[in-house]
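Build out the structure end to end from the sequences listed, making use of the hints.
Quick note, the sequences are listed as chains A and B, same order.
The opening residue of the first sequence carries number 1 in the UniProt record's numbering; numbering runs sequentially from there.
The opening residue of the second sequence carries number 1 in the UniProt record's numbering; numbering runs sequentially from there.
Honestly, I wouldn't trust all of these hints.
Pairs involving identical chains hold if they fit within one copy or between any two copies, as the list cannot separate such chains.
Claimed, not checked - Derived pair list, reagent style SDA-like, types lysine to any residue, alpha-carbon separation capped at 25 Å:
no.	residue 1	residue 2
1	Lys522	Glu544
2	Lys65	Ala218
3	Lys65	His249
4	Lys65	Ile406
5	Lys522	Glu556
6	Lys151	Arg519
7	Lys522	Gly237
8	Lys522	Ala541
9	Lys522	Tyr551
10	Lys522	Ala547
11	Lys190	Gly70
12	Lys190	Gln319
13	Lys190	Ile318
14	Lys190	Thr141
15	Lys65	Glu407
16	Lys151	Phe98
17	Lys190	Phe98
18	Lys65	Glu408
19	Lys65	Thr409
Hint data in this document are derived by calculation from the structure and do not stem from the laboratory.
Protein chains: 2
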Amino acid sequence: MPYTAPITEQRFVLEHIVRIADLAATERYAAASPDVIDAVLEGIGQLAEGEWAPLARAGDTVGAKWTPDGVVMPAGYKEAYKAYVEGGWGTIGVPEEFGGQGLPFAVQCAVLETLGSANMGFALAPILSVGAIEALQHHGTPEQQATWLPKLATGEWTGTMNLTEPQAGSDVGALRATATPRGDGTFAIKGTKIYISFGDHDLAENIVHLVLARTPDAPAGTRGISLFLVPKVRSEGTFNDVRVVSIEHKMGLHASPTCVLSFGDGDDCVGELIGPEFGGMRAMFTMMNNARLNVGLQGVQVAEAATQKAVEYARERIQGARAGQAAAIIEHPDVRRMLMRMKAQTQAARALVYYAAGQVDRANLGDAAARDRLEIATPLAKAHGTDIGNEVASLGVQVHGGMGYIEETGAAQFFRDARITPIYEGTNGIQAADLVGRKLSLSNGAAFAALIEDMRGGTHPALRELVAACDAVGRRLQTADADDRLAASYPLLTMLSVATCGWLLEREAAEAGDDAFGRAKKAVVAFYLDQIVPEAMGLRAAAEAPAAPLYALEAEAFAA
Amino acid sequence: MPYTAPITEQRFVLEHIVRIADLAATERYAAASPDVIDAVLEGIGQLAEGEWAPLARAGDTVGAKWTPDGVVMPAGYKEAYKAYVEGGWGTIGVPEEFGGQGLPFAVQCAVLETLGSANMGFALAPILSVGAIEALQHHGTPEQQATWLPKLATGEWTGTMNLTEPQAGSDVGALRATATPRGDGTFAIKGTKIYISFGDHDLAENIVHLVLARTPDAPAGTRGISLFLVPKVRSEGTFNDVRVVSIEHKMGLHASPTCVLSFGDGDDCVGELIGPEFGGMRAMFTMMNNARLNVGLQGVQVAEAATQKAVEYARERIQGARAGQAAAIIEHPDVRRMLMRMKAQTQAARALVYYAAGQVDRANLGDAAARDRLEIATPLAKAHGTDIGNEVASLGVQVHGGMGYIEETGAAQFFRDARITPIYEGTNGIQAADLVGRKLSLSNGAAFAALIEDMRGGTHPALRELVAACDAVGRRLQTADADDRLAASYPLLTMLSVATCGWLLEREAAEAGDDAFGRAKKAVVAFYLDQIVPEAMGLRAAAEAPAAPLYALEAEAFAA
Chain A
1 MPYTAPITEQ
11 RFVLEHIVRI
21 ADLAATERYA
31 AASPDVIDAV
41 LEGIGQLAEG
51 EWAPLARAGD
61 TVGAKWTPDG
71 VVMPAGYKEA
81 YKAYVEGGWG
91 TIGVPEEFGG
101 QGLPFAVQCA
111 VLETLGSANM
121 GFALAPILSV
131 GAIEALQHHG
141 TPEQQATWLP
151 KLATGEWTGT
161 MNLTEPQAGS
171 DVGALRATAT
181 PRGDGTFAIK
191 GTKIYISFGD
201 HDLAENIVHL
211 VLARTPDAPA
221 GTRGISLFLV
231 PKVRSEGTFN
241 DVRVVSIEHK
251 MGLHASPTCV
261 LSFGDGDDCV
271 GELIGPEFGG
281 MRAMFTMMNN
291 ARLNVGLQGV
301 QVAEAATQKA
311 VEYARERIQG
321 ARAGQAAAII
331 EHPDVRRMLM
341 RMKAQTQAAR
351 ALVYYAAGQV
361 DRANLGDAAA
371 RDRLEIATPL
381 AKAHGTDIGN
391 EVASLGVQVH
401 GGMGYIEETG
411 AAQFFRDARI
421 TPIYEGTNGI
431 QAADLVGRKL
441 SLSNGAAFAA
451 LIEDMRGGTH
461 PALRELVAAC
471 DAVGRRLQTA
481 DADDRLAASY
491 PLLTMLSVAT
501 CGWLLEREAA
511 EAGDDAFGRA
521 KKAVVAFYLD
531 QIVPEAMGLR
541 AAAEAPAAPL
551 YALEAEAFAA
Chain B
1 MPYTAPITEQ
11 RFVLEHIVRI
21 ADLAATERYA
31 AASPDVIDAV
41 LEGIGQLAEG
51 EWAPLARAGD
61 TVGAKWTPDG
71 VVMPAGYKEA
81 YKAYVEGGWG
91 TIGVPEEFGG
101 QGLPFAVQCA
111 VLETLGSANM
121 GFALAPILSV
131 GAIEALQHHG
141 TPEQQATWLP
151 KLATGEWTGT
161 MNLTEPQAGS
171 DVGALRATAT
181 PRGDGTFAIK
191 GTKIYISFGD
201 HDLAENIVHL
211 VLARTPDAPA
221 GTRGISLFLV
231 PKVRSEGTFN
241 DVRVVSIEHK
251 MGLHASPTCV
261 LSFGDGDDCV
271 GELIGPEFGG
281 MRAMFTMMNN
291 ARLNVGLQGV
301 QVAEAATQKA
311 VEYARERIQG
321 ARAGQAAAII
331 EHPDVRRMLM
341 RMKAQTQAAR
351 ALVYYAAGQV
361 DRANLGDAAA
371 RDRLEIATPL
381 AKAHGTDIGN
391 EVASLGVQVH
401 GGMGYIEETG
411 AAQFFRDARI
421 TPIYEGTNGI
431 QAADLVGRKL
441 SLSNGAAFAA
451 LIEDMRGGTH
461 PALRELVAAC
471 DAVGRRLQTA
481 DADDRLAASY
491 PLLTMLSVAT
501 CGWLLEREAA
511 EAGDDAFGRA
521 KKAVVAFYLD
531 QIVPEAMGLR
541 AAAEAPAAPL
551 YALEAEAFAA
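What follows is the structure in structure tokens.
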């Protein structure tokens, strides 16, 4: 499907939301000069448009296939992945000390956005590797880093995250995989993991599995979990005992093989401990936090791609008339409303995710306030970013009318692909629980208060009203009963996300120029502030309601 | 997939929303006695649960198949359809004079709801026949009625509606199919029609196509359109010149073959005129109005089925703990919020669609006020009913977590099946345009005023506020510029639909008893009024905005 990387918009958001110039002024991110950013955005645009996007449809129709010898990707994927590796795109966000280019995480986000808009399922391979790289960076020994990081950074090897087991979905503490010391410092790994994206494939020479498991006599629950590195290939020619049992038959994202992996079926699966014993949850959160941002980013990816496709169709499809002339459907007010909404929501999600990404970089520079901002923005970016991806993909189908329901058109693929994103990397309900359970009270409530304070800089009346409502609801929930907090969590998450987007977009409009891009930006932002922000106020009643009404209907009565 | 017909709820809604006793008190609907209604609801429940539901998955995975000899349904469908015909279910809503049982349209709705929840794609076959029956009933000559109606009524033959052509989607007036007099009173039909649901299949001996076409020298646009009856089989053994060119590869609803039909490729396609020449649009609206209600009903079908499935999963899936005990996920507040929302929205959609169906019956009794109520409720029932179907199906996927994305689970099928309903039978945008373009000013605004007046009986503060907002917005739009009306059409449609649902549900709660059903009803309605109704107020800003902001971004700038 044709796709054009939105370079002007990405550069603008990097400048005005990430404030990349401030990052480039530091020693760590000195590489992020404007000309480098331009070269990155243009280069990845070319790769995505020219090599990744044309494979997206085969990714859906052919998909990754399980064979007894491992998972095989559709024709062309190996070459397109090789181009990604050889272009050095994997190393963008990796620190120079580990062989990377040392560019900010936010720039890596822009790269992954472009790849994922072109081919969402395929782009999961690099995204998963990012998590593995970060876990090693923060928790690996120097030897482990030297062994594994260089080829993970280039993408010659890919990484996976192995958390979920059949009986332990969102409840990670219930996992049962075991790691038994082999006496030589390594561990024998045994267990079954499910939902492992790119758990196997033929794109790379090796796959580095990061696996949560329990050592003998480990305490129950999350406290007893440790993280292990389990390579697919132990050393050249020697395969580890990791078996791909099957891949899932999913509604979408068929280019991404979702594997069931069996570790140690033959009692010969060797892993090494990453970080301290029982440090698994901490290491996992390192992987997961940024992975959550990257899933929020998938919302941006699919929203951008779906919008481009719908706009193209609406400009070409002649239907009905305006002022006596046959007209393209983009001229009809309700179609235009849908397209304007798609555009505004896409820009909102991008602002939110890039903003959070910018906080990753500031936190990496030791900025404690940025760490707090990141913590609170992460569930918003993951949940609201993916909610937007789904809404926009659905509007994209609607703009196409009957054609949208026909698979050959491609709008349906976005709709199906997007639907996993509110589920994986912690369901959006888990994100909402994280917001009200940990983030509202983080730093004794200072993190939440700081976000509210930031947003008080907003001037639009609807935005000011929404910020005040978020403040009142959030402060009340800080001391509320746990069930009441959770009952209100999703409505508050949406309100707070929309407020954050509105605040960021208002800043974008204020800093936009008077060129065509700037005028368009102002029109889109005005629509968001005037029409989308007020919608979120409609959630206030639900955000203020206690849990009791939900339990007024007994569990048995739901089935009656 | 297991499904249980919600008989108690259906009976309750027939009693308190349709007020079926009032209908049964008339001569025309005297057959609708309480024991007959009970027998109908229970009988169709048995057929749906026992024979239709078990075929739903094969309908998706195998689907209807095109072959050179026509479309073939999956194994078991022919027998299940035969059971429907032999049970007399097709004749439920057909007047006694045409060989039917003379029961109200609202009762037919309940029958189709149950069939469609069990197997949504399959149930389209009977639904399409209903449109053909009604067109013949109202516009056929006595001879035509005698020839075609009896077997359409029993379901021995099925019916189709042929409107859309490749170049004419929502713009019916642009159609080009031709009908040329053959000199014997019949017409030679020529043209290609697309998106013809059950345009061919092997369930019935004959298929009665109702086809819009132009006679020679017909005026341009919708004024020049006439309706023709084109049978698949002209007389025993003699096939008409109607060819199934292909069936669409759709995202869902695979049990329903969506055909491209070519009429008169060999210049030997014979049709007969239904109603007067150039009366095609009027006849089409007869078919379409009730077809629109039946599509709104599909929203209820899929919402009910998705809710039942999600509730079952949530009661069985153990994950995490509450009060130190392993708990089923239905016990977690945010999961319960989703399920409560699914249940409330499903009941809201059912109330809205059954209410409109009850107005069909009253209008058939000559009640002019009911005719107005029906006219204004039709776009609400179609658009909001299907919007709810999609929202609830999506929540159903979410409740299942990762399992929801795996096709074998079945939640994804609902999500894919539902997505066509906001598109066909007039996109929901077309429904919104109908609301603001024709219905707001119907009977000089009296129809709208009557609905508002009805809803002023509501007592919940949020409902009263919403009704007042609908009144203010609607009255302003009655005299607004066409573009401003259309720009505000969808937000108003949603507000007015939610208000109508809230008003009807409040009545349900008020009339519910103190038994288990009544207590559950009150809990669900309280949730709807307290938490869903206020959301709709968030749309007021968009409903009050003019069209100008949508055009502030030029068409070209959307692609930039």
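Right, here's what the structure says about each hint:
no.: 1; hint: Lys522 to Glu544; verdict: between (33 Å within a copy, 20 Å between copies)
no.: 2; hint: Lys65 to Ala218; verdict: neither (37 Å within a copy, 56 Å between copies)
no.: 3; hint: Lys65 to His249; verdict: both (10 Å within a copy, 21 Å between copies)
no.: 4; hint: Lys65 to Ile406; verdict: both (24 Å within a copy, 16 Å between copies)
no.: 5; hint: Lys522 to Glu556; verdict: between (51 Å within a copy, 15 Å between copies)
no.: 6; hint: Lys151 to Arg519; verdict: neither (44 Å within a copy, 62 Å between copies)
no.: 7; hint: Lys522 to Gly237; verdict: neither (58 Å within a copy, 67 Å between copies)
no.: 8; hint: Lys522 to Ala541; verdict: between (31 Å within a copy, 18 Å between copies)
no.: 9; hint: Lys522 to Tyr551; verdict: between (45 Å within a copy, 12 Å between copies)
no.: 10; hint: Lys522 to Ala547; verdict: between (40 Å within a copy, 16 Å between copies)
no.: 11; hint: Lys190 to Gly70; verdict: within (19 Å within a copy, 54 Å between copies)
no.: 12; hint: Lys190 to Gln319; verdict: between (60 Å within a copy, 22 Å between copies)
no.: 13; hint: Lys190 to Ile318; verdict: between (60 Å within a copy, 23 Å between copies)
no.: 14; hint: Lys190 to Thr141; verdict: within (23 Å within a copy, 76 Å between copies)
no.: 15; hint: Lys65 to Glu407; verdict: both (20 Å within a copy, 16 Å between copies)
no.: 16; hint: Lys151 to Phe98; verdict: within (10 Å within a copy, 77 Å between copies)
no.: 17; hint: Lys190 to Phe98; verdict: neither (30 Å within a copy, 70 Å between copies)
no.: 18; hint: Lys65 to Glu408; verdict: both (21 Å within a copy, 17 Å between copies)
no.: 19; hint: Lys65 to Thr409; verdict: both (23 Å within a copy, 20 Å between copies)
The structure shown violates the earlier hints numbered 2, 6, 7, 17.
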